[in-house]
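**Student:** Residue strings, one per chain:
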Amino acid sequence: MWAQRELRLEERSRGFHLVTGEVVEALPELGRLAVGLLHVFVRHTSASLTVNENASAAVLNDFGSWFDAAVPEDAPFWTHRSEGPDDMPAHVKSSLLGSAVSLPVANGRLALGAWQGVYLCEHRDAGGPRTLVLTAWGEELGG
Amino acid sequence: MWAQRELRLEERSRGFHLVTGEVVEALPELGRLAVGLLHVFVRHTSASLTVNENASAAVLNDFGSWFDAAVPEDAPFWTHRSEGPDDMPAHVKSSLLGSAVSLPVANGRLALGAWQGVYLCEHRDAGGPRTLVLTAWGEELGG
Amino acid sequence: MWAQRELRLEERSRGFHLVTGEVVEALPELGRLAVGLLHVFVRHTSASLTVNENASAAVLNDFGSWFDAAVPEDAPFWTHRSEGPDDMPAHVKSSLLGSAVSLPVANGRLALGAWQGVYLCEHRDAGGPRTLVLTAWGEELGG
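Those sequence lines, one after another, are chains S, H and V. Quick note on numbering: our numbering labels position 137 of the first sequence as 137, and the sequence is numbered without any gaps. Quick note on numbering: our numbering labels position 62 of the second sequence as 62, and the sequence is numbered without any gaps. Quick note on numbering: our numbering labels position 41 of the third sequence as 41, and the sequence is numbered without any gaps.
In isolation and in its complexed conformation, chain S is listed as follows (with noise of 0.2 Å):
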């Protein structure tokens, strides 16, 4: 079985947002894998997906504040400063985190851990909205 569909989420601010709920809305068919697995892409180049810790705004800022420092948007070096100050950098947190996340499904239902949540991560000042690409497959429970 495959399920593919395309998920609009709205513009976030810069930062990391929590949108697993809104992921597993958009694709009911997870209910019916037995096992299978779960590919979530954002096709955008100054947004990315991760996985991490789904309790804590805290945790959320803390990882705004350290890809801040980390790939900071004074270094010396940037060459590639026509879209804004906020553009380069964002490129590169986009691949330190990458685009992609793969998830296993079991028994209709992520197989993720008690803590573990999807991250939007916005990367850009006013990103806009961001399209992701869900896609599912696997063998179906039942019949």
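These are calculated hints, taken from the structure and not from any lab test. Keep in mind the model is a prediction, meaning the values are calculated, not measured. Hints should not be assumed to be uniformly reliable.
So the derived label-pair ranges between C-beta atoms look like this [stated by the list, open to error]: (1) 107(V) / 115(S): 48 to 54 Å; (2) 109(V) / 22(S): 22 to 28 Å; (3) 73(H) / 56(V): 35 to 41 Å; (4) 107(H) / 115(S): 34 to 40 Å; (5) 61(S) / 106(V): 34 to 40 Å; (6) 11(S) / 11(V): 29 to 35 Å; (7) 126(V) / 5(S): 43 to 49 Å; (8) 77(V) / 114(S): 19 to 25 Å; (9) 73(H) / 69(V): 20 to 26 Å; (10) 114(H) / 126(V): 17 to 23 Å; (11) 84(H) / 8(V): 43 to 49 Å; (12) 22(H) / 106(V): 42 to 48 Å; (13) 22(H) / 11(S): 41 to 47 Å.
Glycine included, C-beta positions come from ideal geometry on N, C-alpha and C.
Based on the hints, put chains H and V in the right spot on chain S.
**Tutor:** Then chains H and V, alone, in the frame of chain S:
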């Protein structure tokens, strides 16, 4: 063909550890795949997985040195401190490396390069045992 | 439907290089997939793959600058020095970016965003040719 299984890894010390052998032994169904994929997922937010050099203990050690320097415990911007000084850096390191690796399978074996192995990256001082979800799928050999 | 093939990339200079065209041309079976995935894996531990901006040479160049600054060859903590000063940083860069990318396929084409491409990230001064393993699978178009 699909196979999925949880693998419990005994507690490792903080650092980087080769686990290729344990992963392959836990999923003997790999031997039946003519062509396919193996997905390895860690169900925790302070440990991660990566593929890297499988021969030198110095490489494993130097990974630890770089990550400890790049994501320091005493960074002034951490606000999530309730679970200890190693906790928030562990979350960031986990996302930099990622919670999953996916590996091609060919003729019943992982199609890794000669020098590649799978690392469990333990970012906590006392992370305890870690659970992986192994999922393999593909076309069966023979028949 | 499954298709798997090795692709040998000629030696690139140290830095970041777009290889989307080579990858797609090497696996014409992509054109037969109504919905599926393409998995691209690099069989080396000092080169990596990522998805990022496909238009600007300055972006490719700035990636190199950031990674060289973030993972310096002269860091005092490296102990694995036997293969040259660029070797251990290459291993770390490789894991920061990852050894694989997975891309959704829809209607016979990669479902990338308009500005996305696949980078080969060459972290050695003289890395030589690099081998990729391309694996595609999914539901076939038509009949």
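**Student:** Decide, hint by hint, whether the structure agrees.
**Tutor:** Against the structure, the hints come out as follows:
no. : hint                        : in the structure
1   : 107(V) / 115(S): 48 to 54 Å : 37 Å, violated
2   : 109(V) / 22(S): 22 to 28 Å  : 26 Å, holds
3   : 73(H) / 56(V): 35 to 41 Å   : 37 Å, holds
4   : 107(H) / 115(S): 34 to 40 Å : 38 Å, holds
5   : 61(S) / 106(V): 34 to 40 Å  : 36 Å, holds
6   : 11(S) / 11(V): 29 to 35 Å   : 43 Å, violated
7   : 126(V) / 5(S): 43 to 49 Å   : 45 Å, holds
8   : 77(V) / 114(S): 19 to 25 Å  : 35 Å, violated
9   : 73(H) / 69(V): 20 to 26 Å   : 22 Å, holds
10  : 114(H) / 126(V): 17 to 23 Å : 18 Å, holds
11  : 84(H) / 8(V): 43 to 49 Å    : 47 Å, holds
12  : 22(H) / 106(V): 42 to 48 Å  : 36 Å, violated
13  : 22(H) / 11(S): 41 to 47 Å   : 44 Å, holds
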